[in-house]
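*Asks:* Single-letter residue listing:
2 protein chains.
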Amino acid sequence: MSDDRKDDFLDDDAFDPESGDLRLVMKAVDAQDAQRLFDLFAPLHPADIADILEQIGPDKRRALVLLYGAEFDGDILSELDENIRDEVVGYLRPEVLADAVRDMDSDDVVDLLEDLEESQRGAILDALEAPDRDAAREALSYPEYSAGRLMQREFVAVPEDWTVGQTIDMMRASQDFPDQFYHVFLVTPQGVPTGNVTLGRLLSSNRDTALSSILEDSFHSFALDEEEGNVAYAFNQYHLISGPVVDTDGRLVGVITIDDAMAVLDEEHEEDMLRMAGAGEGSLSDGVLETTWQRMPWLGVNLVTAIIASLVIAIFEATIETLVALAVLMPIVASMGGNAGTQSMAVAVRGLATRDLTGANVWRVIRRETLVGLTNGFIFALVMGAVGYVWFGSLMLAGVIAAAMVINLVVAGLSGIGLPALLDRLGVDPALASGTFVTTVTDVVGFFAFLGLATILML
Amino acid sequence: MSDDRKDDFLDDDAFDPESGDLRLVMKAVDAQDAQRLFDLFAPLHPADIADILEQIGPDKRRALVLLYGAEFDGDILSELDENIRDEVVGYLRPEVLADAVRDMDSDDVVDLLEDLEESQRGAILDALEAPDRDAAREALSYPEYSAGRLMQREFVAVPEDWTVGQTIDMMRASQDFPDQFYHVFLVTPQGVPTGNVTLGRLLSSNRDTALSSILEDSFHSFALDEEEGNVAYAFNQYHLISGPVVDTDGRLVGVITIDDAMAVLDEEHEEDMLRMAGAGEGSLSDGVLETTWQRMPWLGVNLVTAIIASLVIAIFEATIETLVALAVLMPIVASMGGNAGTQSMAVAVRGLATRDLTGANVWRVIRRETLVGLTNGFIFALVMGAVGYVWFGSLMLAGVIAAAMVINLVVAGLSGIGLPALLDRLGVDPALASGTFVTTVTDVVGFFAFLGLATILML
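Heads up: the sequence lines are chains F and W, in that order. If you count the first sequence from 1, position 400 lands on 400 in my numbering, and the numbers rise without skipping. If you count the second sequence from 1, position 427 lands on 1427 in my numbering, and the numbers rise without skipping.
Please note that a few of the clues may not be correct.
To be verified - Now the in silico label distances, taken between C-beta atoms and shown as ranges:
| hint | chain 1 | residue 1 | chain 2 | residue 2 | range |
| --- | --- | --- | --- | --- | --- |
| 1 | F | 304 | W | 1069 | 53 to 59 angstroms |
| 2 | F | 426 | W | 1069 | 27 to 33 angstroms |
| 3 | W | 1301 | F | 300 | 26 to 32 angstroms |
| 4 | F | 33 | W | 1082 | 52 to 58 angstroms |
What the hints contain is simulated information worked out from the structure, not anything from laboratory work. All C-beta atoms in this analysis are idealised placements derived from N, C-alpha and C, irrespective of residue type, glycine included.
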């Protein structure tokens, strides 16, 4: 995206990390000019300061955090990439860290704590006041990536039989409100949520209106151990703004808001994309060794599958020795299959993630992919057959490559949909490994079909 | 995801499209039992009904829509996949269609209109009342994928000097409120928005509190022609819930809410994933011909690049003829390079999409990718060298494949980051085409390094 476009939505005094201003920040850090740094950072959103910290090297980062000192606040920590958060927490003096976390919402504190090492986690827990500390400890007792971890404990709940006036009076009288909230929850005397009212409806209704008469149509509650991916899906599917979280007795214990769900959705997409490419949990701020280590497993799997494909070629060594043109052409068939398979696979992985690909339509989609593979197979068989004939002057060779192309593109369509669907059915994330497995199938089939047909027809 | 997990967040009476209930729906349709269909659909969210329509075949879809008849409402249309929307609108009687659109929010009407064919668009515009029709026409005059298209025109704005009490009284007196709203905007007499107050703050403040004293810290407004991707980025980055849209004079003309931004973010992810795989705008509900057509361009590009790789092999035909083991092993080097390149590329495309990869850190990341390529290159060179030696008994062959492996994995890291970064700088979406280009580089370099070294060292 061009820089001027990007500027459109930033305030005039906001900071564009891509522009030369980053140099101003670094100059202030190099000169140890704290006042200048405060001035530069004053108009910035914590998310932008976090972006700056992510984009500079570790030495500069340390110098910047030390210089920024007591101004460092918890929101910057919340916005930081996990890998860097650990590092930055280590630079902060204990009292700065304590100040930073004390103002944070409970869900942000938990988000911060869960990724930290044990010793740093202790330091932050010690900095919290007793009730907040107990709340954080309890939140950490829920499974990772669960609704319990995602929720905030601050919410507004009132008895089911209240009126608009009673609710507004209670809110005015109360002091301790969440920073952001969008619904008032109605609860039974046992604390079970039974509905919600948007603040907009509350404000535009008369004081004596019963809350129960202005309930929202759609109301979804989540169990504490609900997986965060399911929560994000529900928010996206049902256009929720906030959703109550209930314990095993059905009692309201927290609320998840759409901004958290949006962040989860974004992380899930990142995961899908990186997993499909076999890049693990990779992030731009990871170091060399960490990155090497993340990528090694799938390179290892790929080596095994590439050797399997080579074993297929080895079967036909004698054929290749007789007709070396086959060695020249064979990667084309494999490559086209790999490309077509990846296309089908991306559609399948996406469809499974959005739950649009289900048992109800999987056979229809498989049928479509087969027909698409057949159609594109014939088209590219014609093209490649012609190229092969012109190149090597053999009609038989052209026919062999054309036939292998059709076979491999049909197999590509089938395996591109079939493998992710199979992984999903087996309870494995379909994004994980689909890429490597699909191209293995298309490599093996491509080499086997092309070299096999050539052996039968041309020797 | 397993079915029981999925059920957790659905109400007891909600519908699980994956379960056998879809069969009940189809049975009702086959029996032309409208009452049974109404009963089955009554507890469902329009998004779930839309999902059902997407998952069944065209014939069943037509039968279902006709049977559901006048019950069909606009929200179902909003939730439908674009391809199917066109089709479904065609099944609806004009008066049903008119009823369906009349209750929709202005942004949803525009979203519906923009994807329809001209004749159907006219039918819907005719169904709207005059002011709504004019509003929709104006919205359609903004560029596609702009803030102007995304915004709703319903919002609450008050003078800057108002108090909480004045605002609440006005809201109570007013009738026509947006379905969902989260902020009250403060505007100058000229209509320029200068800040916003959350409804939560409004409700928990005293009547005589000045609105200007309880403003939100972060306030971002968007130009009418701002690209929707930038809007979604700002919502995600700054945790916005709603944002004002202003015309060229800076006057408030509409508001974008987070649920719309979340939908855009989701679409952008889908685009990135499908583009990286060369699958175009593919959707599960597209037909065979449409899908074939979408995928053909990148298969064509891939054919050209595969032929280029083959031309590299052709240079070494004589070498392969002498030593056919090379033909067996050469795809391994290319495949490992392709895999490593795809890993780097996924990290780069993602980093560019989230704006974490910028001019400030691109060199650091390139350096890292080179070192990762070198490290993994050496590791897999050792492994593959050993395999090659055991397999073919030649130390020289083992050395050649090991050296080629190191070279290709370094090149993979470089091109995996470099090509997307270059495309981005050229103003081309880096997800588009990166995949095909990266694997072309790794194929060409892989074949050239392996066969070239073999020619020099082994003949």
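*Asks:* Decide, hint by hint, whether the structure agrees.
*Replies:* Status of the hints after comparison with the structure:
1. F:304 x W:1069: 53 to 59 angstroms: holds (57 angstroms)
2. F:426 x W:1069: 27 to 33 angstroms: Given range 27 to 33 angstroms: violated, Cβ gap about 42 angstroms.
3. W:1301 x F:300: 26 to 32 angstroms: holds (30 angstroms)
4. F:33 x W:1082: 52 to 58 angstroms: Holds - the Cβ-Cβ distance for residue 33 of chain F and residue 1082 of chain W, about 54 angstroms, lies within 52 to 58 angstroms.
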